[in-house]
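> Residues per chain, in single letters:
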Amino acid sequence: MLKGLVEHIGLEPGRLQFSWISSAESTKYIEVAQSVARNVEALGPATRLVKRRAEVG
Amino acid sequence: MHQYTAKIREIAKRLLESKEVDVFIGYRKGSVAMMNEPVLIREPGKVGLLHWDSNCGLNLCNYLTRRTGRIGIVANGCNSRNIVTHIVENQIKREQLYIVGIPCTGVIDHRGVQRAVHPREIVDVEDEGDSFVVKGKDFREVFKKKDFLRTNCSVCRHRNPVLFDEMVADPVEEQKEVHPYADVESIEKMDPEKKWAFFSQLISKCIRCYACRNACPLCYCPTCFVDESKPQWVGKSIDPTDTMTFHFLRAYHCAGRCTDCGACERVCPVGISMRQFTKKLNKDAEAYFGWEAGLRSEERPPLDVYRPDDYNDFVR
Numbered sequence: 001m002l003k004g005l006v007e008h009i010g011l012e013p014g015r016l017q018f019s020w021i022s023s024a025e026s027t028k029y030i031e032v033a034q035s036v037a038r039n040v041e042a043l044g045p046a047t048r049l050v051k052r053r054a055e056v057g
Numbered sequence: 058m059h060q061y062t063a064k065i066r067e068i069a070k071r072l073l074e075s076k077e078v079d080v081f082i083g084y085r086k087g088s089v090a091m092m093n094e095p096v097l098i099r100e101p102g103k104v105g106l107l108h109w110d111s112n113c114g115l116n117l118c119n120y121l122t123r124r125t126g127r128i129g130i131v132a133n134g135c136n137s138r139n140i141v142t143h144i145v146e147n148q149i150k151r152e153q154l155y156i157v158g159i160p161c162t163g164v165i166d167h168r169g170v171q172r173a174v175h176p177r178e179i180v181d182v183e184d185e186g187d188s189f190v191v192k193g194k195d196f197r198e199v200f201k202k203k204d205f206l207r208t209n210c211s212v213c214r215h216r217n218p219v220l221f222d223e224m225v226a227d228p229v230e231e232q233k234e235v236h237p238y239a240d241v242e243s244i245e246k247m248d249p250e251k252k253w254a255f256f257s258q259l260i261s262k263c264i265r266c267y268a269c270r271n272a273c274p275l276c277y278c279p280t281c282f283v284d285e286s287k288p289q290w291v292g293k294s295i296d297p298t299d300t301m302t303f304h305f306l307r308a309y310h311c312a313g314r315c316t317d318c319g320a321c322e323r324v325c326p327v328g329i330s331m332r333q334f335t336k337k338l339n340k341d342a343e344a345y346f347g348w349e350a351g352l353r354s355e356e357r358p359p360l361d362v363y364r365p366d367d368y369n370d371f372v373r
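Chains D and Z are the protein sequences, given in the same order. Each step along the first sequence adds one to the number in the working numbering, with nothing skipped, and position 12 is 12. With the second sequence counted from 1, adding 57 to any position gets you the working numbering.
Since the hints were made in silico from the structure, they are not lab data. Be aware that one or more of the hints could be misleading.
Chain Z is nowhere near these chain D residues, computed Cβ spacing over 12 Å in every case [to be verified]:
#, residue
1, Q17
2, V32
3, E41
Have a look at the derived ranges for each label pair, beta carbon to beta carbon [as the list claims (entries may be wrong)]:
#, chain 1, residue 1, chain 2, residue 2, range
4, Z, P365, D, G14, 21 to 29 Å
5, Z, D284, D, L16, 21 to 29 Å
6, Z, G186, D, G14, 32 to 40 Å
7, Z, Y309, D, T27, 31 to 39 Å
8, D, L16, Z, V180, 46 to 54 Å
9, D, A46, Z, V89, 43 to 51 Å
10, Z, C281, D, S26, 38 to 46 Å
11, D, A42, Z, V89, 53 to 61 Å
12, D, S35, Z, N147, 58 to 66 Å
13, Z, C281, D, T27, 40 to 48 Å
14, Z, Q258, D, S35, 53 to 61 Å
15, D, S35, Z, K251, 20 to 28 Å
The calculated lysine-lysine pairs, modelled on DSS-like cross-linking and capped at a C-alpha distance of 27 Å, are [said to hold, decoys possible]:
#, chain 1, residue 1, chain 2, residue 2
16, D, K51, Z, K64
17, D, K28, D, K3
18, Z, K293, D, K3
19, Z, K340, Z, K233
20, D, K51, Z, K262
21, Z, K340, D, K3
22, Z, K202, D, K51
23, Z, K203, Z, K233
24, Z, K262, Z, K252
25, Z, K251, D, K3
26, Z, K150, D, K3
27, D, K51, Z, K76
28, Z, K246, D, K3
29, Z, K251, Z, K340
30, Z, K202, Z, K192
31, D, K51, Z, K192
32, Z, K150, Z, K76
33, D, K3, Z, K262
Only a predicted model underlies this, so the values are computations on that prediction, with no experimental measurement involved. Glycine is no exception: its CB is placed at the ideal position from the N, C-alpha and C atoms.
Just chain Z, with the same shape it has in the complex (with noise of 0.2 Å):
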């Protein structure tokens, strides 16, 4: 069992005896390998459902929304920016939350261990120290977690929480001399035409499932554009035009918010790398605005205030 795993249920079972929360927000582990689930648990008899591992890659922060109550929840450096913008957001109150921080050392590519191991069908997969071991019906490997990092996390630069009421650990080393943006640099490096093929041939296999919008903790609208029907703002076939302004509005959405926790490309049933629409904006709100989403909870969002030396220099 991971280190951690024994600590979140100690915590979890703590808070809830003590009725300090009225439910505890965490990881299970799931019933295929390398998909742990989210688990809402309220009674301290079932905190031994709790988990954690490197496969925890949705956003827990999607089950915090207009949540009323006293929650307890685990967070890891993206989450726990997820949550401050939520607070920042008016989405949840911080007098409502006790947060669980957990020091984070990346999350595994489910596809590329998949990949790795092909044909062979993966029964579990366990944590080991810096490695990680798959099992199958008769084999069983094991893995350096690095070569394996999800590509958000390979170059995460706020692995540990920065809002949290406890952490599980000591802080883990914060990762330096990553270059977050090199696969933005060589698109915008491209002409055009190539920037249209490269992102046209990205999104070509999508199905327009919402499952990117689904898990992305930013999304909460009640009714979210592409639901509407009157007026209706996009098309909702799988033309290319309308998938592609799709993907482009709903990044756009996230501009200023969004903190690259990788759930909607995990989600993803055909393997679409939409971060490459978020990153951009990422990029440019870090370029503009010296901001990355959810560090600071004082301070307003930059689309969200008007400042007198805001760049303008493409208005005429």
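If we strip away everything but chain D, and leave its shape as in the complex, we get (with noise of 0.2 Å):
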């Protein structure tokens, strides 16, 4: 449900992602690694729910 709001309020899918993985799971742990790796480089820099410096103006 997490998930599904902050897609929901424009998050892109990919951004956020959840898996499980057991201590003795070091391939599957690698696995995941890289496919996030290449699922957010697809996606370039985030922009959103990312504070660089405060707007208040």
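Work from the hints to combine the two standalone chains into their complex.
Take a look at the structure:
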């Protein structure tokens, strides 16, 4: 439901991912980490829900 | 006088005189038109303050949280569902309560009424059957109530209380053929850029007053995440990112708990439709768990319990 809400307000699908990896699943960990990195690289730098400096004025 | 008002006063008087309850929680007419306010009555002589009409838009459940003693309370559909939620979340015990059920036909959107008679000043608004009369210094206009319902009331599917000890009148007919999530669906169809633009625009006027949180019966934490400073979960400025973080996190805290009572929108001083956040969660709770908040007190809410068949397609 959190993913649904965050994507509903406009976060790009793919930027927020969930996985369950046991400490014994090192290969799965590598696979997931690499694919998350690929997805995020494809999306480019995050601009939403990122605060670089306060935009108050 | 609305027929419910007389009945509420009669019941409150009886309960207070017989000492069945220590306090009776209801509404009284506000000093400003359409702004009925909560009132706590302890003496039978003061029941004349109690009032009911189509402007009782605040949620009385806020006054139940961890209260001791015996309490009488008026509750329409959504308020009664919040009472159930309070019971489920151990904020009040069922035995403490005497619930006076209100078959509700909806609350008027006060902003819509103000727009309709703009720029004239409204002095009083009174119910008259299916209509209501707006009175000012030198005008009197009658409007149909169904044209001015709050958006949550116009798609309400639970007008009658789900939990009560006594009703003030016979149940009203529930609205069928309503599409409560039509607006959510239209946003779901947008691409991420449009969604982000929509929600950024939606909250752009937010002044971070937290009235929405204060009016919400679900927000009863002793210290809210927005007020905490060690650690500071969310920036306190009106920076757009801080504001967006506040709104989506506040909404998420209501996931599977929100009854769409509309108190948050009603109290917003700048008229933000923050129900767009909670409605998405309500829609998903219904789609994934077949759950509408506050209908059943014997079942744990979906986000409170693990079931082997919980949907988990999003987890790798």
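> Give a verdict on every hint.
Each hint tested on the structure:
no., hint, verdict
1, Q17, "violated (7 Å)"
2, V32, "violated (6 Å)"
3, E41, "holds (17 Å)"
4, Z:P365 - D:G14: 21 to 29 Å, "holds (28 Å)"
5, Z:D284 - D:L16: 21 to 29 Å, "holds (26 Å)"
6, Z:G186 - D:G14: 32 to 40 Å, "violated (54 Å)"
7, Z:Y309 - D:T27: 31 to 39 Å, "holds (33 Å)"
8, D:L16 - Z:V180: 46 to 54 Å, "holds (51 Å)"
9, D:A46 - Z:V89: 43 to 51 Å, "holds (45 Å)"
10, Z:C281 - D:S26: 38 to 46 Å, "holds (41 Å)"
11, D:A42 - Z:V89: 53 to 61 Å, "holds (54 Å)"
12, D:S35 - Z:N147: 58 to 66 Å, "violated (42 Å)"
13, Z:C281 - D:T27: 40 to 48 Å, "holds (43 Å)"
14, Z:Q258 - D:S35: 53 to 61 Å, "violated (34 Å)"
15, D:S35 - Z:K251: 20 to 28 Å, "holds (27 Å)"
16, D:K51 - Z:K64, "violated (54 Å)"
17, D:K28 - D:K3, "holds (22 Å)"
18, Z:K293 - D:K3, "holds (24 Å)"
19, Z:K340 - Z:K233, "holds (17 Å)"
20, D:K51 - Z:K262, "holds (18 Å)"
21, Z:K340 - D:K3, "holds (14 Å)"
22, Z:K202 - D:K51, "violated (44 Å)"
23, Z:K203 - Z:K233, "holds (15 Å)"
24, Z:K262 - Z:K252, "holds (17 Å)"
25, Z:K251 - D:K3, "holds (18 Å)"
26, Z:K150 - D:K3, "violated (34 Å)"
27, D:K51 - Z:K76, "violated (56 Å)"
28, Z:K246 - D:K3, "holds (16 Å)"
29, Z:K251 - Z:K340, "holds (20 Å)"
30, Z:K202 - Z:K192, "holds (15 Å)"
31, D:K51 - Z:K192, "violated (48 Å)"
32, Z:K150 - Z:K76, "holds (18 Å)"
33, D:K3 - Z:K262, "holds (25 Å)"
Going down the numbered hints, you'll see the structure goes against 1, 2, 6, 12, 14, 16, 22, 26, 27 and 31, while the others check out.
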